[in-house]
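Based on these hints, arrange chain L on the given structure of chain U.
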Amino acid sequence: MKPETLAWIILLLPLSSAVAITLFTRRNARLSATLSVGAVGLSFLASVLLAQSYAGLHVPDGEFVVTSVPWIALEGFKVDLGLRVDPLSLTMLLVVTGVGFLIHVYSRGYMAGDPSYARFFASLSLFMFSMLGIVLSSNFALMFVFWELVGVSSYLLIGFWFEKPSAADAAKKAFLTNRIGDFGFLLGIIMIWAVLGSVDFLDIQRSLAQDPAALGRVASLAGVLVFMGAMGKSAQFPLHVWLPDAMEGPTPVSALIHAATMVAAGVYMLARSFFLFQLASAWPNSLAFLQGISALDVIAWIGGITALLAALMAVQQSDIKRILAYSTLSQLGYMVMAVGCARPDAGMYHLATHAFFKALLFLGAGSIIHALHHEQDIWKMGGLASRLPVTYWTFVAGTLALCGVPPLSGFYSKDGILAATESRPILFGLAVLVAALTAFYMARLFFVALRGAPRSHGVEHAHESPGVMLWPLRLLAVASVLAGFWGIDGALRAVLGPGSGTGHGVDAGWLATALAPFGHAPMAAFMGLFATVFGFVLAFSLYGNSPQEDPLPSKLGVFSEWMRDRFYFDEIYDFLIRVTHDAMAGLADWVDRWLVGGLAVKGTAGSVDLAGRVLRLVQTGNLQTYAFLAAAGLVLVLWAMLA
Amino acid sequence: MNLTLLGPELVLVLGGLALLLVDLAVPAARRHLLGYATAGGVALLCLYFVANHGAGGAAARAFGGMFVLDGVASFFKAIFLLSGVVVLLLAADSSPRLGGGITEYYALVLFALAGMCLAASANDFSVMYVALELITVTFYVLTSFERSRAASLEAGVKYLILGALSSGFLVYGIALAFGASGTMSFDELAKHSPELASNRLFQLGVLMIFGGLSFKIAVFPFQVWAPDVYEGAPVPTTAFLAIGSKAAGVVLLVRLFGFAVPDLALHWEPLWMTVAGVSILYGSLCAIPQRGLRRLLGYSSIANGGFVMVALSTMSKAGSAAVLFYLAGYLFTVLAAFLVVGVLVHRVGKDDFSVLAGLHHRSPLLAAVLAASMISLAGVPPLAGFFGKFVVLRAVVEQGAASHAYFWLAAVAIVGVVISFWYYFGVIRAMYWGGDAPDLTPIPISPTLRGAMILCLGGILCLGVFPSAIWEAAVAAVAGLGI
Numbered sequence: 001m002k003p004e005t006l007a008w009i010i011l012l013l014p015l016s017s018a019v020a021i022t023l024f025t026r027r028n029a030r031l032s033a034t035l036s037v038g039a040v041g042l043s044f045l046a047s048v049l050l051a052q053s054y055a056g057l058h059v060p061d062g063e064f065v066v067t068s069v070p071w072i073a074l075e076g077f078k079v080d081l082g083l084r085v086d087p088l089s090l091t092m093l094l095v096v097t098g099v100g101f102l103i104h105v106y107s108r109g110y111m112a113g114d115p116s117y118a119r120f121f122a123s124l125s126l127f128m129f130s131m132l133g134i135v136l137s138s139n140f141a142l143m144f145v146f147w148e149l150v151g152v153s154s155y156l157l158i159g160f161w162f163e164k165p166s167a168a169d170a171a172k173k174a175f176l177t178n179r180i181g182d183f184g185f186l187l188g189i190i191m192i193w194a195v196l197g198s199v200d201f202l203d204i205q206r207s208l209a210q211d212p213a214a215l216g217r218v219a220s221l222a223g224v225l226v227f228m229g230a231m232g233k234s235a236q237f238p239l240h241v242w243l244p245d246a247m248e249g250p251t252p253v254s255a256l257i258h259a260a261t262m263v264a265a266g267v268y269m270l271a272r273s274f275f276l277f278q279l280a281s282a283w284p285n286s287l288a289f290l291q292g293i294s295a296l297d298v299i300a301w302i303g304g305i306t307a308l309l310a311a312l313m314a315v316q317q318s319d320i321k322r323i324l325a326y327s328t329l330s331q332l333g334y335m336v337m338a339v340g341c342a343r344p345d346a347g348m349y350h351l352a353t354h355a356f357f358k359a360l361l362f363l364g365a366g367s368i369i370h371a372l373h374h375e376q377d378i379w380k381m382g383g384l385a386s387r388l389p390v391t392y393w394t395f396v397a398g399t400l401a402l403c404g405v406p407p408l409s410g411f412y413s414k415d416g417i418l419a420a421t422e423s424r425p426i427l428f429g430l431a432v433l434v435a436a437l438t439a440f441y442m443a444r445l446f447f448v449a450l451r452g453a454p455r456s457h458g459v460e461h462a463h464e465s466p467g468v469m470l471w472p473l474r475l476l477a478v479a480s481v482l483a484g485f486w487g488i489d490g491a492l493r494a495v496l497g498p499g500s501g502t503g504h505g506v507d508a509g510w511l512a513t514a515l516a517p518f519g520h521a522p523m524a525a526f527m528g529l530f531a532t533v534f535g536f537v538l539a540f541s542l543y544g545n546s547p548q549e550d551p552l553p554s555k556l557g558v559f560s561e562w563m564r565d566r567f568y569f570d571e572i573y574d575f576l577i578r579v580t581h582d583a584m585a586g587l588a589d590w591v592d593r594w595l596v597g598g599l600a601v602k603g604t605a606g607s608v609d610l611a612g613r614v615l616r617l618v619q620t621g622n623l624q625t626y627a628f629l630a631a632a633g634l635v636l637v638l639w640a641m642l643a
Numbered sequence: 001m002n003l004t005l006l007g008p009e010l011v012l013v014l015g016g017l018a019l020l021l022v023d024l025a026v027p028a029a030r031r032h033l034l035g036y037a038t039a040g041g042v043a044l045l046c047l048y049f050v051a052n053h054g055a056g057g058a059a060a061r062a063f064g065g066m067f068v069l070d071g072v073a074s075f076f077k078a079i080f081l082l083s084g085v086v087v088l089l090l091a092a093d094s095s096p097r098l099g100g101g102i103t104e105y106y107a108l109v110l111f112a113l114a115g116m117c118l119a120a121s122a123n124d125f126s127v128m129y130v131a132l133e134l135i136t137v138t139f140y141v142l143t144s145f146e147r148s149r150a151a152s153l154e155a156g157v158k159y160l161i162l163g164a165l166s167s168g169f170l171v172y173g174i175a176l177a178f179g180a181s182g183t184m185s186f187d188e189l190a191k192h193s194p195e196l197a198s199n200r201l202f203q204l205g206v207l208m209i210f211g212g213l214s215f216k217i218a219v220f221p222f223q224v225w226a227p228d229v230y231e232g233a234p235v236p237t238t239a240f241l242a243i244g245s246k247a248a249g250v251v252l253l254v255r256l257f258g259f260a261v262p263d264l265a266l267h268w269e270p271l272w273m274t275v276a277g278v279s280i281l282y283g284s285l286c287a288i289p290q291r292g293l294r295r296l297l298g299y300s301s302i303a304n305g306g307f308v309m310v311a312l313s314t315m316s317k318a319g320s321a322a323v324l325f326y327l328a329g330y331l332f333t334v335l336a337a338f339l340v341v342g343v344l345v346h347r348v349g350k351d352d353f354s355v356l357a358g359l360h361h362r363s364p365l366l367a368a369v370l371a372a373s374m375i376s377l378a379g380v381p382p383l384a385g386f387f388g389k390f391v392v393l394r395a396v397v398e399q400g401a402a403s404h405a406y407f408w409l410a411a412v413a414i415v416g417v418v419i420s421f422w423y424y425f426g427v428i429r430a431m432y433w434g435g436d437a438p439d440l441t442p443i444p445i446s447p448t449l450r451g452a453m454i455l456c457l458g459g460i461l462c463l464g465v466f467p468s469a470i471w472e473a474a475v476a477a478v479a480g481l482g483i
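Line by line, the protein sequences are chains U and L.
First residue of the first sequence? That's 1 in the working numbering, and the numbers climb one at a time after it.
First residue of the second sequence? That's 1 in the working numbering, and the numbers climb one at a time after it.
Next up, chain U with everything else stripped away, as it sits in the complex (with noise of 0.2 Å):
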């Protein structure tokens, strides 16, 4: 098949099903789920063949394929529903569909019994289906739908449990808090536009290899406001609260949505648009003052500054979803972080790993809830180790990958975003910090909730997850200890990486690909490592003996509590919001009832109205009066002309 119409299919059939399930089948939820599952199936395989017949076309690097149907056709404004297939997209494409299949699969599981089953198939499709979007779109419109789509189909998950008022209002907030992000991305689609005459990837990238200067003193505003979308949906400081909260959906949609793939897309776009921000750093008077900061540099610190917030976070937090969901708060800003050091190869390399072991660790994290009669609290679990055998191996081996233990995943990819602030002291001292912190938070994570002795009644009739769910979870293991040997990094730098486009990544061959990081950035690689090892030492230090209560805040004492308490982002924005909400609100109201209602409407209609009955007066009805006013008026009129 031709790679266009298997690119059109690969986007359709999760919407095929949406509609499907939506209109049709919503009654019979076995139907429901096997049509879901089915779609994102078919369109793994889809993808898998794309890539094949992508690699058997032989493109040479920084070309790409692309079908197009005309939408928009405006004079000076045109946007096609285009999609561009490269490697990028194709990496992309594969991770998404296929750790979809596997959370689709594991979601039949997870939700059996549930009443809405059928509509959270249905919303899964939906989002896929915006996925797909977002990774396929040839330029910045239709992506921006896709962004928006996939928002849409994030609320509907997030509040999948819609009578918990918690589970709303988080998804209110996710969805507003992307709304911002959002709505800086789509200023910086129109100021390119507006500059360029063009949303289309290719053109925009184009005029700029022609003319770096092409976009004048917006460049890095541009790309700063684009940038901005990223920071909404790959939760970037200071847009970060809503993820934790996200996790009030059902598991499988935090591992799919708010761990392996929507959250990503903000790394993605950064990749895709990378062109974007290599310009140098310009920006309008009104700015000057950022003069000499580049879009990049933005970039790489909100990373940094979220890898480092978020990993301390997750050091004192108790419910293992949201451990689970402040590492991956600081995962993405190690992305976000090596794009903006301008090796996106090694973000998005990171991002393929990271949604392998996060998901994994998602679903595993799933699989205890599950079995623990959906408690959450790591300071109730323990000893799971025999009783959830197959959970808790995999479990393992997600833990270590995202430790960055060689030679799993993890290590490989951390390794790439570690070696890209080489050259930048603070951002690779903070790096390092980020790589011990989580290995101390992920080994607390295991000593408390794995090992030891259960800590509560519900752990002792615990049971292994039925098969549907623990399948997922041996292929998820399986991904995250292997894909370092993928050749993904290699596929990614050709496209991406320094000198892009001279030749294709080298096929060495495994143990040389194993040892690599210690050739190519020993540094790195050995600080890295190290980080780690004294992570876990530091961890087995204090929770090695299994103890009943967390040790670290009689240590630390009050920084703890601000760990704990996530540095009070919340109460801050709540703050703030309330101050200059009931600030707006009260000036609002005033203008409202005394300058509208009170001087513009009453006093307009009062005046009028009195000025009408007063005028009335004149009408006696007296025949007298009415003939002195018409001769009274007849003077006047004689007077004023011809006096």
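Please note: incorrect hints may appear among the correct ones.
[Claimed, not checked] If we take Cβ atoms under 7 Å as the criterion, some of the chain L residues that face chain U in the derived model are:
hint, residue
1, 158
2, 161
3, 162
4, 165
5, 207
6, 211
7, 221
8, 222
9, 224
10, 225
11, 227
12, 271
13, 285
14, 288
15, 419
[Unchecked claim] Label pairs and their in silico Cβ distance ranges:
hint, chain 1, residue 1, chain 2, residue 2, range
16, L, 364, U, 23, 40 to 46 Å
17, L, 440, U, 16, 55 to 61 Å
18, L, 411, U, 574, 46 to 52 Å
19, L, 364, U, 16, 47 to 53 Å
[What the hints assert, rightly or not] If we take Cβ atoms under 7 Å as the criterion, some of the chain U residues that face chain L in the derived model are:
hint, residue
20, 611
21, 630
22, 633
23, 638
By construction, these hints were calculated from the structure, which means they are not laboratory data.
Quick caveat, the model's predicted, so the values are computed rather than measured.
Beta carbons are placed, not taken as given, at the ideal position from N, Cα and C, and that holds for glycine.
Relative to the frame of chain U, chain L by itself:
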């Protein structure tokens, strides 16, 4: 001399006389049928006239130039005849209420129509005066026709005395103008217009004539009679006053200032603007507290007279064409309103807001026609009133280049429109959301009135949606103006 030029006037006068004779042979119970027959006759005359003279054509004169038939005259005659048809239909429908001697009513309407047609063609002070007196004297009778009703008599007396006063102004003004210029003929005046414009005595005379004509149009400062007379007079008379009498005053103003003494008019911009602006505000403001439809329409007619003066104040061809179009739209709109008022007064006995409650249940047609009329009067697209106000304001704004005062005039006019929304929509609210209606029995409407209402509704819609035909006719009609 070409007597066919006077065709409509002759037919109307002879028809009126014939009607009085036929009346003797018709039994009292059948006499209202004469009204329908007369209406039919006038309708035929109207059609015949429009078919022959509708296109305007070159000005033709008779009686040594005292009588002229040109585009403006033809346009106005069509308006008069059309309004006569509807007024006669309404009169025929309300004949039981008008009481004995109903045929005389029809005959008087015909005589008044003849006077109006003559006024449209008047090209000489003497013809103008005769035509106006023919109108005014017949209206004295028409206003007080319900002899048994005190309100009707009161209205008649008020109209008689104030009308006599204004006729006094008029005839004194004519005398002064004649004394200053030595001629009664408009054609002669036009030849000497530039030097006459600076003659103080002549100015005094023309100002007094202006006063006498303003009384007919019911604009400031000669507007006080309108609400009382509108309220007291029989409804067909009021309808005739609102459109026929007003249009007669307008055509004479156009004739006098557009053809005879254009130089004078151009110097009197402040007068026109003041009269226009104050009339609009006075009519709009006073209408707000009104609770009776006829009285409300009386004030509304003052405001609409103000709008006509706004257009006249531009003293441009666009403004004069706007006057013609405005009156054409006003014709259908105000007749529609009075048809409804007539039905209400005759069938329910009252026309104040209390009987409007639940009207859309009692008679959807009445409610719809009255609503359309009010919306058109308020000037909401796509009805005739909107386009009328639009062309008027456009003419004013175009003139703004000459003097900034025109922008202020436009602003005042728009403020008046906004205020008028208040009471026009008050009527609609009273009909559709008027709370509990005391009486929900259906109101019967005779088929002829139904037809007349639908005709007016069609006119309101057509002039709003397809204004181009009438607008082009109006533009063609004013092509011969001396301004």
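Verification of the supplied hints:
no., hint, verdict
1, 158, "holds, 5 Å"
2, 161, "holds, 6 Å"
3, 162, "holds, 6 Å"
4, 165, "holds, 6 Å"
5, 207, "holds, 6 Å"
6, 211, "holds, 5 Å"
7, 221, "holds, 2 Å"
8, 222, "holds, 5 Å"
9, 224, "holds, 5 Å"
10, 225, "holds, 6 Å"
11, 227, "holds, 6 Å"
12, 271, "holds, 6 Å"
13, 285, "holds, 4 Å"
14, 288, "holds, 4 Å"
15, 419, "holds, 6 Å"
16, 364(L) to 23(U): 40 to 46 Å, "holds, 41 Å"
17, 440(L) to 16(U): 55 to 61 Å, "holds, 56 Å"
18, 411(L) to 574(U): 46 to 52 Å, "holds, 49 Å"
19, 364(L) to 16(U): 47 to 53 Å, "holds, 49 Å"
20, 611, "holds, 5 Å"
21, 630, "holds, 5 Å"
22, 633, "holds, 2 Å"
23, 638, "holds, 6 Å"
Checked against the numbered hints listed earlier, the structure breaks none of them; every hint is satisfied.
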